[in-house]
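Chemist: Chain residues, written in single-letter form:
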Amino acid sequence: KQEVTQIPAALSVPEGENLVLNCSFTDSAIYNLQWFRQDPGKGLTSLLLIQSSQREQTSGRLNASLDKSSGRSTLYIAASQPGDSATYLCAVNTGANSKLTFGKGITLSVRP
Amino acid sequence: DTEVTQTPKHLVMGMTNKKSLKCEQHMGHRAMYWYKQKAKKPPELMFVYSYEKLSINESVPSRFSPECPNSSLLNLHLHALQPEDSALYLCASSQGLARGLAKNIQYFGAGTRLSVL
Chain A
15 KQEVTQIPAA LSVPEGENLV LNCSFTDSAI YNLQWFRQDP GKGLTSLLLI
65 QSSQREQTSG RLNASLDKSS GRSTLYIAAS QPGDSATYLC AVNTGANSKL
115 TFGKGITLSV RP
Chain B
15 DTEVTQTPKH LVMGMTNKKS LKCEQHMGHR AMYWYKQKAK KPPELMFVYS
65 YEKLSINESV PSRFSPECPN SSLLNLHLHA LQPEDSALYL CASSQGLARG
115 LAKNIQYFGA GTRLSVL
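Just so you know, the protein sequences line up as chains A and B, in that order. Numbering-wise (the working numbering), the first sequence opens with residue 15 and increments by one. Numbering-wise (the working numbering), the second sequence opens with residue 15 and increments by one.
These are computed hints drawn from the structure, not numbers from a lab. Given the structure is predicted, the values throughout are model-derived calculations rather than measurements. Hints are all accurate, no fakes.
Cross-link-like lysine to aspartate or glutamate pairs, in silico, EDC-like; alpha carbons within 16 Å at most:
id, chain 1, residue 1, chain 2, residue 2
1, B, Lys54, A, Asp53
2, A, Lys118, B, Glu58
3, B, Lys52, A, Asp53
Chain B with its partners taken away, still in its complex shape (with noise of 0.2 Å):
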């Protein structure tokens, strides 16, 4: 099973709304990342998380609040967001960070298509 499982598929909120995306994978990855999207453009890295810690923010504004609570689950909370950070937002797991083999590829999910009105 390579799944990783976003959470909800669509999303349409209003700058003063809070929302949370989810994701989820059991394939015993340590590594996890939030990848931004706009149309016709390539995915942007936005966190990576390694081992339930916090690796890297690649500058991302703090109306974007990522949480990861265990090893299978990685959270984005949103709050106060513009309608420019309407995107898809896709998740990825990875076995770990290391540069070995297997380890580096990165599944990802479908996506949550956001829309910030």
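Extracted from the complex, chain A is given alone in its bound form (with noise of 0.2 Å):
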């Protein structure tokens, strides 16, 4: 059975600090990995998508990684801001039927 562990649980840090957050999981054989982010009390919104084939994917100021074999994955986040405040949620697909299993997420406060 899939696990996906994220730690910590809480992060704070100040504005402009570059940042990583770690996801790990227990099968390597997925598909691919999702992060999201979660504002309080909304839904998810999708901020990149890595294939298994892929090493890593870039949006804007985000940067994830992924080492199958390793079974992690990293979400760098570039010169912090009080926006980018909110829960972040990765996920791995391993099923035929595009079953996500996610960690319990990462909520991150970016200090002014």
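Reconstruct the complex from the two isolated chains, following the hints.
Modeler: As structure tokens, this is what we get:
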């Protein structure tokens, strides 16, 4: 059974800092991994999707990497801003029916 | 347009009520999903529809009844719910269920916050 872990559960950083959010998964037989952002009480916004054959994806100040063999992904956020404060979830797709298994998320607070 | 629209945004219902949640997308996606999310927990998959047919039911109690009347619309009918069913219900869609490059990105709606009294 696939398990996805995100540690720490919460992170507080000063504005402008570059930061890395970690995600690990137990079964390396994945089709893709997706990073989401969730604001309090809101739905999920897809940030980046990395296919199993890819090593990284970039969008603006965000860069996600994938090391399938070691069961790890990182989300790098450059020059963090208070508007980046949210919960970041990673989810892996291991099933033929596109079933996503989510981590519990990392709640990020960027202090002005 | 990558919008998935869910209505209502908030719903309060009693344990004897019957209500429905609605989800709509106009991206031409052929796979649609219902997730349940409790506070400070990750979303949990409930149902998956592919080409308007139920593909996955994650052993969800029968008091939750999904319906996909057409490729753009997904409903979740609720009956005789329990207070522990109070949660954020999220709908998502994707191009399909294939394992190809772009098809697996799931786009989520803002959710319906359900309170069962």
